[in-house]
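Protein chains: 2
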Amino acid sequence: MSSWNPSQYSSIFAHITLSDISQARTTGSNESPVLEVTSEARSKGYDSVCLPLTTDAWKKRWTNMCLVPSSPGDDKKKRESRRESKLMSRDFSAEKKAEAWREKPVFEANEVTMTRLGEFTCIAALNFYNNRLDEAESVTAIISEWLELDTDDDWIRLDTEIVSQTRLGLFSDNDVSLRQALHQELSYASYLNIQTAILPAPRNRQYTACYARAVNACLQSSPFMNLAIRLPIYDPSAAQDPLSPASPSSGRPLLPSPKIQRTSSLSSSLPPTPRLVVSQSSQNTSHPKTLEEQIDASWEIWDLIRSLCDYNPRLSLALDLTPPLPNSPSVLGKWSAEAVRYIFLPASAFIANAKGYPVLPKPTQAFIRDSITHRPNIILSGVSSGIHSKGSEVAYSQYIRHLERTSTVVQAAEKSGTVENFAQGYQDYLQAPLQPLMDNLQSITYQTFEQDPVKYKNYEEAVYKALSEWHEDGRIVICVAGAGRGPLVARCLSAIQRSKRDAFIYAVEKNPNAFVTLQGRQRNEWKDKVKLLFGDMRMIELPEQVDILVSELLGSFGDNELSPECLDGAMRLLKSDGISIPSSYTAHLAPLSSSKLYNEAKSTKDDKNLETPYVVMFQAVNLLSGNGGGPSGQCGPRIQECWEFEHPRKETVLDPQGLPLTNSHNARFAKLRFHIPHAGVLHGLAGYFEAVLYRNIGLSIHPHRKDQISKDMLSWFPLFFPFKEPLYLPSNSELQVSIWRLTNQRQVWYEWHAESFLYGLGSDLGLTSAPSTPPIPTPNVGAPIATSSPLIDAVDIAPERRSSVVLDTLLPGRALVKIGHTSLHNAGGRSSWIGL
Amino acid sequence: MSSWNPSQYSSIFAHITLSDISQARTTGSNESPVLEVTSEARSKGYDSVCLPLTTDAWKKRWTNMCLVPSSPGDDKKKRESRRESKLMSRDFSAEKKAEAWREKPVFEANEVTMTRLGEFTCIAALNFYNNRLDEAESVTAIISEWLELDTDDDWIRLDTEIVSQTRLGLFSDNDVSLRQALHQELSYASYLNIQTAILPAPRNRQYTACYARAVNACLQSSPFMNLAIRLPIYDPSAAQDPLSPASPSSGRPLLPSPKIQRTSSLSSSLPPTPRLVVSQSSQNTSHPKTLEEQIDASWEIWDLIRSLCDYNPRLSLALDLTPPLPNSPSVLGKWSAEAVRYIFLPASAFIANAKGYPVLPKPTQAFIRDSITHRPNIILSGVSSGIHSKGSEVAYSQYIRHLERTSTVVQAAEKSGTVENFAQGYQDYLQAPLQPLMDNLQSITYQTFEQDPVKYKNYEEAVYKALSEWHEDGRIVICVAGAGRGPLVARCLSAIQRSKRDAFIYAVEKNPNAFVTLQGRQRNEWKDKVKLLFGDMRMIELPEQVDILVSELLGSFGDNELSPECLDGAMRLLKSDGISIPSSYTAHLAPLSSSKLYNEAKSTKDDKNLETPYVVMFQAVNLLSGNGGGPSGQCGPRIQECWEFEHPRKETVLDPQGLPLTNSHNARFAKLRFHIPHAGVLHGLAGYFEAVLYRNIGLSIHPHRKDQISKDMLSWFPLFFPFKEPLYLPSNSELQVSIWRLTNQRQVWYEWHAESFLYGLGSDLGLTSAPSTPPIPTPNVGAPIATSSPLIDAVDIAPERRSSVVLDTLLPGRALVKIGHTSLHNAGGRSSWIGL
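Just so you know, the sequences run in chain order A and B.
Going by the UniProt record's numbering, the residue at position 294 of the first sequence is 294; the numbering climbs one at a time, nothing skipped.
Going by the UniProt record's numbering, the residue at position 771 of the second sequence is 771; the numbering climbs one at a time, nothing skipped.
So here's chain A without its partners, still in its complex pose (with noise of 0.2 Å):
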């Protein structure tokens, strides 16, 4: 999306009605109204803006065309279809109308707000633009709000949305495909090189499948549009069952029809904004809905959307702020793992501090900063009306801005030596997990790695407290198992110096590369204080056993580089009584929401790409688990502990050699029980990992923890596992995660597994099996038998033990139910292993 601002800031739209366009058209400058309007917002200081893309006659032509006039004092059935009423009415003239323009569907001028094109000088924008200007010159366009994809009247919602679209290629240029009012619409906007669309706020639960069949078509018949689909952030007027109606003035009965709806129960006046109205107490059949679960109704209209859509990476949200919004993070955290491209706010969100001045309410505040990281575009409504008693208009985009800046993430990314600094550019970048063991790494990926400052400080302090509480005086032998190109050696030496011990070391590396960079380090820094060997730690031998073993082998799930295997051939190197640096690390899963990474992992069309995990640093990302407990009382906490490795390891037989016969001690299996408090999409499963380096010093990229472990520490990414298909989870669900860690002689792998269930309510069917009333005999079907023969049916005495399970199961109750699975993933190892 285009706009005048390039920085990594947010970019704030005004937002343009119409109303604007007509005052702008009577200052009688020479500027065509609309450039007028847009030329004035850049000098108010926006980046862009948006407008709506048709005006108030086309709303009447249509109105005239499509709907019956409404009759005064008929509430109920205001808006009804032309088509409809044809039988009743006999006047064909606007069905006539209608069908013409069905068939040829073409605006009038007047009917939009933008036609001029072409080549003009807009002095306003020379500095950004150096040519030319139109009218829809990086305009984000409002498609008319009183289109209702989603209303029950079937034929209204035909005459709303696309029928028909255009296949490319298929016909001839004389073909007339069938478009109405969306289609001609966007089709206008394209026409105009609009790169964005803002589509109508669906209003009705129980046809979003039609709304978002509408947008699909959409999508697919203009290739090159953006849409975005402006969706209140909950609305307070459906806080019902999502099968129910949405509007409490339905006078149709509640069973669907057979055949088509006819009868229209939406109101005249399409608000453009939300339904702020709190009626629930009309309502009967259910409980009224809380705010959150009215947050995770609204949530789940757009899930729908884009589901239908298949995650078209051309939809995406204009999320509007207009209702007042909770304080509860968790249930907004989901928006995060969301395509926000566009958050509204309408001047009436703002309320006055002490001095007047429009600022934020708390929850807002803290939404929007939450919000930056994405750069959604920020679009202000109202904020010229004056509603607030101090400050210009500039004062609401001043305060954004200072939203912004003041914010965690903007902060950090902006401090050098955090993550968030380090990881510029690479947020929601899927990489492959390094495969240390099989490749080589490179000069530079050893570089990245020893820029982490923390690591190495964590590795030498733990060198250091070994050496001080080692049990014997005299000469410490260490070895630094996969030295690389030398930190950990440096590390120890500095440690050994601190510790004033009696100490040597012992290098040994197997990457021929790295093993040229260790001899020249030797050669300069470390002199006989160090013997390199060359070599693979599991097949080398040493010139003697050695006290303490020091490796750095841990990936982003700890054992996923290999550690335990690499470790278990170089344990024949370690006194019985030696120490191994790491001596533990343990493997930690959250389930995870993101539609970007889903999207980003399915992007190839590949199955293998959602079958390997990924290193990425998480950004657009939601962690679905709450803080345990859940319906069953028996969920773990928010981030579970998968399993764990140990160093030395004493229990495994080995060979002479002081090898393990099988890696088959280095299979695991974890089975995970996480609390989903909010409704979510389950996209994969996020990994961290934490080690043990030496008593209470250690490694861990644990959200909750890596800040008291190792703060600031750069070197690792958390790990994705993802899942093929997305996994609906309802609010308050329990998710059962099954991983497991595979190996055979020569490979490692993961598979991994999902199931949900929710605590739904016993069945009430009862029991058909127990026959009350003694049973009749019924007549043999086919040809007559003699009466001695063994084909003769039994008298149908129910067995006693049956009716024993009837009688002690006719208790109604509560069960957990499950309700749906992921496919396993990585089975068989396919795609994605380690090799040994």
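Worth flagging that the hints you see were computed from the coordinates, not collected in a lab.
Here a beta-carbon is modelled for each residue, glycine too, at the ideal position from N, C-alpha and C.
Be aware that one or more of the hints could be misleading.
[Unchecked claim] Derived contacts from chain B toward chain A, CB cut-off under 8 Å, selection only: (1) LYS96; (2) ARG213; (3) SER307; (4) PRO656; (5) GLN657; (6) LEU659; (7) ASN666; (8) PHE669; (9) GLU725; (10) TRP740; (11) ILE819; (12) GLY820.
[Claimed, not checked] EDC-like mimics (lysine to aspartate or glutamate), calculated; alpha carbons at most 16 Å apart, straight line: (13) B/LYS724 <-> A/ASP452; (14) B/LYS724 <-> B/ASP712; (15) A/LYS500 <-> A/GLU461; (16) B/LYS706 <-> B/ASP452; (17) A/LYS706 <-> A/GLU420; (18) A/LYS602 <-> A/GLU472; (19) B/LYS650 <-> B/GLU541; (20) A/LYS96 <-> B/GLU461; (21) A/LYS602 <-> A/GLU725; (22) A/LYS706 <-> A/ASP655; (23) B/LYS97 <-> A/ASP655; (24) A/LYS97 <-> B/ASP655; (25) A/LYS724 <-> B/ASP310; (26) B/LYS500 <-> B/GLU461; (27) A/LYS500 <-> A/ASP536; (28) B/LYS706 <-> B/ASP655; (29) A/LYS724 <-> B/ASP707; (30) B/LYS724 <-> B/GLU600; (31) A/LYS44 <-> A/GLU461; (32) B/LYS596 <-> B/GLU145; (33) B/LYS457 <-> B/GLU725; (34) B/LYS96 <-> A/ASP655; (35) A/LYS711 <-> A/GLU472; (36) B/LYS596 <-> B/ASP428; (37) A/LYS724 <-> A/ASP452; (38) B/LYS104 <-> A/ASP134; (39) A/LYS104 <-> B/ASP655; (40) B/LYS724 <-> A/GLU725.
Position chain B against the provided structure of chain A, taking the given hints into account.
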């Protein structure tokens, strides 16, 4: 699977036990014991045998290697992995053996039942096999039933299942991959050229994912082996929530530990048959399961296994009918949609009739009769033990044969004139629907449909009735629109003759090839009673307008062969008070489960195949919907009407040629709501039609009404709308199906989608947005700001409307909770449209 009996009936297998084999060993025959028992089984009339692959010697060795010997008096820990107790016992000798075995898994000769292979002439089998027979010939192997693929002891599970697998082509022959017990047995069975192995029953719902993963690994590593999972139709002892431990004797805490579980809770004697002890009263957490719920739970285990194995066609079920069946056909119907290749039927499932002969209880009878359609292999077990006083061993299989002969399916298939007889070989075969408007049909296609006696009889009846009731005297003009090879013309002539009316027929046909046939029939049969006209009914001009327009343009879903569009084009040929035969037709849908159809549709790995509706004669199919109502009370019936088309339609705007300006009036939409009483997997939708030809004469393939309206009509099989991804539907859930008929000037297509809902419990999470105590102003982040700045926060007063929302919504309650949805199918008509 090969069998000795190639007939179209089920094969009956004898279940041979280790004790049968060891008794045979003592007969002194010069054949091997296994050959002795198998030839004896053949002589008793069995079609084949299944027998255990391994002996007790193997069980003993494996137990000694991998388990700790049980210590009397310690019930809770009878079995424990060797590895577990290593640290305590420090006895490595068994573990060393186990590691050696894990590295090189080889049976000793006395550990398997079959060893003799190669050239061997068996006299008793000469009539079947001319040259050779070995012990394993056409035997189904039963894998060691004591293998626990789902035990909660990780190390035992590892020694049981395959830990790893050989990747064909990746390694040299020297690579010895680790293969443990299951893989070792399957590998040996493969070596014997055994085609199918029956795996031990899953026992532990908590670890079903582990069982499934192991099975999937076996399917990958044994690429030619068929695997059948033995599954008791229900397990009364597992009457709990799916996530609770299955065994009531478990002493473990319920909270899953992130570390590996190391204690085993299973008893040491693993019953080969399911546990029938009803012990629900000793459980506390949730309500005990009803028998129906237990059957659903058993199916859920199967569903999880086959889903994790990605619907592998080599995976099937050996359904174990040891537990007595309930009298509830609806809960048992689900098994008809599954790959039940074996039915395990012990003598204990039989009861004695009045004469003492073994017969089955009514529910089992009905189940077996219904299952016959799928020709399962029936395994009779324990039938030689003489538990029934009358009838020898032979009585059991004779009784099964009797059930077969008297089943309605077999009887219908053997009776000519029935659909079942006509459709032999077409069951579950996916056919692309005809497109008679776009393609000119072949003569053979016409011939097939002309065989239908009922359809043309009803057409003749409708024309006869219309003629008889015609309101004017004098000449009546009929047009047969789409005459094909002439069957409708002939029936119209016959109706004219019967009605004694003066009538004349125009016969219109656009297929030039069929028109040749028509000309022949006119010359030879019809003479001047019929005028033939060549051309498309939408373009052709007749010499006069007609009184009755007869057409047969219906597809399986009514309008899917474009009858509405063709008749729109032909209506100008009909007088304004004329009659169309048919006068209307409706489309009907029901949600459907069928692993077979799902596998068929996805078999080519081309997504397009899952976006196209198919014509299918349903067999291995289960309709998931119940009779309406549902938790919300708002669900429609089992099969629901989508929409209707009527002819002539009068309310359309027409152009001067009498044709509609656009086709938008033929667009349709239906939203249907189904109750799903029993857990199932949605694989697609079943589509049916019903047509009114004239007054009360019609055509119908609606399963509940076809027999009243057009019994034994052969021309239409139902339509199958597939879903790309199976959707799990819990018991007592609701399914909302949306389906669209969409159109442009040149094409018609369907799109379909489904959403599932469950009555869950309202969130108990409370609401965090209503501060009950006055909020404390928090300090600003960032630099201090002057007190008059617009950037100072407001004192955080919750707006009025916010708290009013909160107060209204804090009531607890139940709600219909969304739990999943399919993707939008055939979105944009990409793959499946019908040309106009």
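Here is how each hint holds up against the structure:
1. A least Cβ separation of about 5 Å between B/LYS96 and chain A falls short of the 8 Å threshold, and the interface hint therefore holds.
2. Interface restraint check: B/ARG213 against chain A, minimum CB-CB distance 6 Å, threshold 8 Å, status holds.
3. Interface restraint check: B/SER307 against chain A, minimum CB-CB distance 6 Å, threshold 8 Å, status holds.
4. Taking 8 Å as the C-beta contact cut-off toward chain A, the hint placing B/PRO656 at the interface is violated, the least distance being around 12 Å.
5. Taking 8 Å as the C-beta cut-off, the interface hint given for B/GLN657 is violated, the closest approach to chain A being about 14 Å.
6. Look at B/LEU659: its Cβ only gets to about 12 Å from chain A, farther than 8 Å, so that hint breaks.
7. Interface restraint check: B/ASN666 against chain A, minimum CB-CB distance 10 Å, threshold 8 Å, status violated.
8. At about 6 Å, the closest approach between the beta carbon of B/PHE669 and any beta carbon in chain A falls short of 8 Å, and the interface hint on this residue holds.
9. Because the closest C-beta pair between B/GLU725 and chain A is about 6 Å apart, less than 8 Å, the hint holds.
10. Checking B/TRP740 against chain A: minimum C-beta separation of about 6 Å stays under 8 Å; hint holds.
11. Restraint check, B/ILE819 versus chain A: the minimum CB separation of about 5 Å is within 8 Å; hint holds.
12. The criterion of a C-beta within 8 Å of any C-beta in chain A is met by B/GLY820, whose closest approach is roughly 5 Å, and the hint holds.
13. Our distance criterion of 16 Å between C-alpha atoms is broken by B/LYS724 and A/ASP452, whose separation comes to about 47 Å.
14. Simply put, B/LYS724 and B/ASP712 have alpha-carbon atoms about 33 Å apart, too far for the 16 Å limit, and the pair is violated.
15. As the CA atoms of A/LYS500 and A/GLU461 are separated by approximately 14 Å, the hinted pair is consistent with the 16 Å bound.
16. Only pairs whose Cα atoms come within 16 Å are accepted, and B/LYS706 paired with B/ASP452 is accepted, the gap being roughly 14 Å.
17. For a cut-off of 16 Å, the pair hint linking A/LYS706 to A/GLU420 stands: about 14 Å separates their Cα positions.
18. Of the pairs offered as hints, the one joining A/LYS602 and A/GLU472 is violated, with about 57 Å between alpha carbons and a cut-off of 16 Å exceeded.
19. Pair hint B/LYS650 plus B/GLU541 does not hold up; C-alpha atoms about 20 Å apart against a cutoff of 16 Å.
20. Our distance criterion of 16 Å between C-alpha atoms is broken by A/LYS96 and B/GLU461, whose separation comes to about 39 Å.
21. For the hint linking A/LYS602 to A/GLU725, the alpha-carbon distance of about 10 Å falls within 16 Å, and the restraint holds.
22. Of the supplied pair hints, the one linking A/LYS706 and A/ASP655 is violated, its CA atoms being roughly 39 Å apart against a limit of 16 Å.
23. Note on B/LYS97 and A/ASP655: the hinted pairing holds, with a Cα-Cα distance of about 12 Å set against a maximum of 16 Å.
24. Distance check on the hinted pair: A/LYS97 and B/ASP655 sit about 12 Å apart at the alpha-carbon level, within 16 Å; holds.
25. Simply put, A/LYS724 and B/ASP310 have alpha-carbon atoms about 12 Å apart, close enough for the 16 Å limit, and the pair holds.
26. Of the pairs offered as hints, the one joining B/LYS500 and B/GLU461 holds, with about 14 Å between alpha carbons and a cut-off of 16 Å not exceeded.
27. This hinted pair does not check out: A/LYS500 and A/ASP536 have alpha carbons roughly 31 Å apart, beyond 16 Å.
28. Of the pairs offered as hints, the one joining B/LYS706 and B/ASP655 is violated, with about 39 Å between alpha carbons and a cut-off of 16 Å exceeded.
29. Taking the CA atoms of A/LYS724 and B/ASP707, the gap is about 44 Å. The hint is violated against a cut of 16 Å.
30. Taking the CA atoms of B/LYS724 and B/GLU600, the gap is near 12 Å; set against the 16 Å cutoff, the hint holds.
31. At roughly 56 Å between alpha-carbon atoms, A/LYS44 and A/GLU461 are farther apart than 16 Å, so this suggested pair is violated.
32. Distance hint between B/LYS596 and B/GLU145 is unfulfilled; the C-alpha atoms sit about 28 Å from each other, more than 16 Å.
33. Pair hint B/LYS457 plus B/GLU725 does not hold up; C-alpha atoms about 42 Å apart against a cutoff of 16 Å.
34. For the proposed pair B/LYS96 and A/ASP655, the alpha carbon gap of about 10 Å is at most 16 Å, so the pair holds.
35. For a cut-off of 16 Å, the pair hint linking A/LYS711 to A/GLU472 is broken: about 33 Å separates their Cα positions.
36. For the hint pairing B/LYS596 with B/ASP428, the CA-to-CA distance comes to about 8 Å; that is within 16 Å, so the pair holds.
37. About 34 Å separates the Cα atoms of A/LYS724 and A/ASP452, which puts this hinted pair outside 16 Å; it is violated.
38. With a CA separation close to 78 Å, the supplied pair B/LYS104 and A/ASP134 exceeds the 16 Å bound.
39. The straight-line distance between the Cα atoms of A/LYS104 and B/ASP655 is roughly 14 Å, inside the 16 Å bound, and the hint therefore holds.
40. For the proposed pair B/LYS724 and A/GLU725, the alpha carbon gap of about 11 Å is at most 16 Å, so the pair holds.
The structure fails hints 4, 5, 6, 7, 13, 14, 18, 19, 20, 22, 27, 28, 29, 31, 32, 33, 35, 37, 38 (numbered hints given earlier, in ascending order).
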